[in-house]
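Asker: Produce the entire structure from the sequences given, and follow the hints as far as they go.
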Amino acid sequence: MGADPLTAGNAIVTLDVLHSGIIWHWYVTMNFWAKSVATGVVLLLPWLLSRFEAPKLRFQSAVLSFVFINITLLFTVLDLHQPLRFWHIFAYTQTSSVIALGAWLLTFFNFLAVGMVALAWQKKEALYDKLLPVQWVLGFFATVYTAGLLGQANARELWHAPTEAAQMLLAATLAGSAVFLILGSGGDKARRPLAQVLGMSAFVSLTIFAAEFVFGPQKSEEAIHLVHILTSGELSTIFWTGLVVGFGLPIVAVLAGGKKPNHGLMAGAGLAGLAGLWLVKHAWLIAPQLVPLS
Amino acid sequence: MKLGFLVDLDLCIGCKGCEVACKSENNVPVNSWRLRVKYVDFGVFPEVKRTFTPMRCNQCENAPCERSCPVAALHTLDNGIVNIDKDRCIGCAACMMACPYGAIYMDPVTNTADKCTYCAHRTEAGLEPACVIVCPTEANIFGDLDDPKSNIRKYIHSHSDVRVRKPEKGTKPKHFYTGAGAIHIEPGAAVRIDGQNLFGNIGTLDHIGGH
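Taken in order, these protein sequences are the chains called H and X.
In terms of my numbering, the first sequence is residues 2 to 295.
In terms of my numbering, the second sequence is residues 29 to 239.
Simulated from the structure, these hints should not be mistaken for laboratory data.
Don't take each hint at face value.
These stretches of chain H come out as covered by chain X in the derived footprint (C-beta under 8 Å, 3 or more residues) [to be verified]:
{"no.": "1", "region": "16–24"}
{"no.": "2", "region": "222–235"}
Over 12 Å on every C-beta distance to chain H, these chain X residues come out as not near it, computed from the model [claimed, not checked]:
{"no.": "3", "residue": "Lys-30"}
{"no.": "4", "residue": "Ala-49"}
{"no.": "5", "residue": "Val-65"}
{"no.": "6", "residue": "Ser-96"}
{"no.": "7", "residue": "Asn-111"}
{"no.": "8", "residue": "Asp-135"}
{"no.": "9", "residue": "Thr-165"}
{"no.": "10", "residue": "Leu-173"}
{"no.": "11", "residue": "Ile-184"}
{"no.": "12", "residue": "Glu-196"}
{"no.": "13", "residue": "Glu-214"}
Just so you have them, the derived chain X footprint on chain H, three or more residues with Cβ under 8 Å [unchecked claim]:
{"no.": "14", "region": "78–86"}
{"no.": "15", "region": "94–106"}
{"no.": "16", "region": "152–165"}
Every residue gets a Cβ at the ideal spot worked out from N, C-alpha and C, and that includes glycine.
Answerer: Below you can see the structure in the form of structure tokens.
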């Protein structure tokens, strides 16, 4: 420690209760991350089906969205201090709460995901394709509602960024393209377009982070402090590692892959994207909780 | 009726009697607080001063905790108190994320959110909150903000330095202070440094609850 704060004339808290610490911890990060995969594959599917004849895409997308939305729901319930009362959300829904609306959205999305798995398994493609726009709309709102949820956290200014919904959508397209690339979905023809989606999602997301953190003026002391925590403070290692691994590496890999990227390179880019996304979301979630509110 | 609180910080002596009375009255568990008194030291030696700031739920008129609660466990009573139904609470902590004052805690015994309710059980019976009764300097002033004859209303009208915490959040708090400077009520105005505290480190609570 440097100069004595008292002699420096600073005001110091000399007696207070313990800071409540991290309330929403990595379970919530898992919620954000898994939801990005679950909705990302659905958001990309109509575009992929319109360009490539790949029957397996329907089944893969349905299974991925089903598995990852249930991972999302599992961690959502586990994060509750009273998990056995989860049903209260449906019995006593408060419509002003974005969490409550999100719970209904994810539940409908999950029901539909089950149906889509069954339809894909039975190869009822016509009905599957009729239901896909409904699932796409649910997937879209399931992706962006989290921005509303964070917006209701009145105490945490960092989460109120106007670009939050855009970042959620980019996280979904990044995660969706990443898992498709890892699985080799759509075959060789789909690899390059999927790689472009991965690279562009990472690039735009990185640009938004840079614009907000590096170039954008921070309006409040709290925001300045939070940006410091993320960029050069106690979460900087997680945050920068996430940005380099999750956004930087996929961009480089996509550029290096050229016109005919190989599966190994793109699968690696996808894995890096998913790992980095988790780290960035985690740092984003934790940072505002480190600051005392009073 | 709109119940409110005012703390005259010029009268507060930092005895923490209110903190203890609150804990006792409401059976608040260890490591949890509905009401706390924060000490902040400032100045350059030998001109050093210590300030005391009691902090509790602001019973906001536009309560973000109430709005964000997915099961409506937090609800406003007719007298303006933001109350909590612990049997309905699912422990999602959305209210803790929404409250800009850090006034809500997760009860480690019941695993549900809890907070100051201005001793709703006492006010219902026509009594004053425990922290008001116990204050030796009558620094805690409690009453109906809608009643022109109430002590709190007269106090607000007779003092020009009435302030609330974080007015920019738009929560319309019903908890006021007189004699408050930035270091009393603005969290960024005073630093927290380990090893610079009266009776030990100001640390961080371990993760609360059953998971």
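Asker: Looking back at the numbered hints, which does the structure fail to meet, lowest number first?
Answerer: 5, 6, 8, 12, 13
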